[in-house]
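Peer 1: Work out the full structure, taking the sequences as your base and the hints as a guide.
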Amino acid sequence: MNLAKEIGILLQKEIKIEWRQKHAIGGILLYVISTIFVVYSAIKSVDPNVWNALFWIVILFASVNALVKSFIQENSSRQLYYYTLANPTAIILAKIIYNSGLLLLLSLLSYGAFILFAGNPVKDIGQFFAAIFLGSLGFSITFTFIAAISAKANNSATLMAILSFPLVIPIILTLLKLSANALRLMQDTAIWKDILTLLAIDLLMIAMAFILFPFLWRD
Amino acid sequence: MRKYWWKYLGVALIVYSFTVGLLVPLKPGIYSYDPGSMNTGQTYTLSVTGYNTFYTKAKDPIRVWLKYDSIHNIVATKVKILDDRKLEASFQIPKYLPTNDRVGVMSLIVDDDHDGFAVMPSTIFIKQDSLDKNTQLGSVSWTQSKIQGIHGKDQFNFPFRVQLSETIRNLYYHVPFWFAMFIIFIAGISQSIQYLRTGNQEYDYKSMSFTMVGTIFGIIGLFTGMIWAKDTWGTYWSWQEVKMNMTAIALLIYLSYFILRQSFDDDERRAKISAVYSIFAFGAMIALLYVVPRMVSSLHPGSGGNPALGADDLDNSMRMVFYPAIIGWTLFGVWMTSLVYRMQVVRDKLYDL
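Those protein sequence lines, which keep their order, are chains A and B. All residue numbers for the first sequence refer to this note's numbering, where the first residue is 1 and numbers rise by one. All residue numbers for the second sequence refer to this note's numbering, where the first residue is 220 and numbers rise by one.
Bear in mind the hints are in silico, worked out from the structure with no lab data behind them. Predicted model, so just to flag it, every value in this text is computed and none were measured. Mixed in with the good hints there might be a few duds.
As the list claims (entries may be wrong) - Below, in silico cross-link-like pairs of lysine-lysine (DSBU-like), each with a Cα-Cα straight-line distance of 35 Å or less:
| id | chain 1 | residue 1 | chain 2 | residue 2 |
| --- | --- | --- | --- | --- |
| 1 | A | 5 | A | 22 |
| 2 | B | 286 | B | 276 |
| 3 | B | 314 | B | 299 |
| 4 | A | 193 | B | 462 |
| 5 | B | 297 | B | 286 |
| 6 | B | 462 | A | 123 |
Peer 2: In structure tokens:
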């Protein structure tokens, strides 16, 4: 069985599991909306600067909450079963691709919720979507890998946050700059450099995850 | 003795860096001056305060210049020595500057045979109200004197910088900790990689010991830097300061590494997963090192027009203390690591009994 086919089957499995437990994704969506609601009823005035920061913070926390279950939703004996069948590279790749899609969907829906509750200060839609896409990719790689690590430990929810937040700082800083540019809070003519930086970080992280994941699952 | 030469070398280098770094005086320099701006065509008495100077011990008359560029300067008409650290120099500023700009920036040079010469670059502003149509006029009046017969002193001194003054010595205690920390962290990562390749428990303990010592060095580096920051930037913590926040993030990463280690009961599992995390975190740190400096400007030397460890800032006298200090602390860190490692091995054996 080649890698692409394996990934395809694993992806189907992920989607099926998600479909069977609709409460998980629904819960995350509700989490995003109630966070936005709480924050904006506390702040009231919506300044584009605040909008930008809040958007990414909400996405960050929602992503951690969405992805913490990546490796613990199925019990360990079933994990073992997958590991005997599939290639570890296929497993991590399928998880990352699936989680990227999930986060992309989540970010777009949050963006919709932000427009609904807080208005839409985005001036350059293309750039903003680029930021959302690359951001979901980066978050998904980092959080999926850390979820794999913390799933092996005892108190995984706390560990997930403390292990992953310092690691996503480079991604979130670049994202903030990129989306600040899309909101026209600043003007940068060389913004493609930041897009490239983000891409390079994503590539670096995925390469690390690739190399290290086979060591992680084998126990 | 032969086996442990590097431990003795490390301690010797640290002792050397402490004694020489703290005892060698700074070069005589100019601490302050008044007034800071002048107008053309008038006479001024410039009062100069020196640092580590002995003006009264000078045998030849002390000479003071205002220098515009390599050929244009004026010499003080009269220099009055008040005491070792204070003198007053009278200047007759010519009617025109040797430039068509409204303002000329002058460097102040004081030369005496006891202390050698001291330069305060680009400090005094001279304004001219009427622009001279013919720049020759200004040029002529500024080329009457020549800066020559400067007394160079070949003493072993550290350079004097007004903003830093004596805190310049912190270079030997703050910066070497960073260098040593990076070397030790990289050693720790290589041990992690070794562990993943061989699965030998010993490498896990080594990697953990290196990371622990590196973290301790990082914390010391952060605190010595904060003290320095309070003195030169006026605040212990600056959110504008990139390197500082980057360090804090790096320390967060490594502190969470220790939390991760605590949350396993099984030795092998702990070793494997913490090795994987430390390598992954190191990759993220590389991204951090690359990204963050591009986001905001830094107050540290080497960015935003601040001088770095170039020829100008780290002169040979400082290199003679700075580099040995780096080597000394690295060796000392390796020694500390070996102690932590041995303690870990002993603890392991005790628990196994």
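Peer 1: With reference to the structure, classify each hint as holding or not holding.
Peer 2: Tested hints:
no., hint, in the structure
1, A/5 / A/22, "holds (26 Å)"
2, B/286 / B/276, "holds (25 Å)"
3, B/314 / B/299, "holds (24 Å)"
4, A/193 / B/462, "holds (21 Å)"
5, B/297 / B/286, "holds (16 Å)"
6, B/462 / A/123, "holds (32 Å)"
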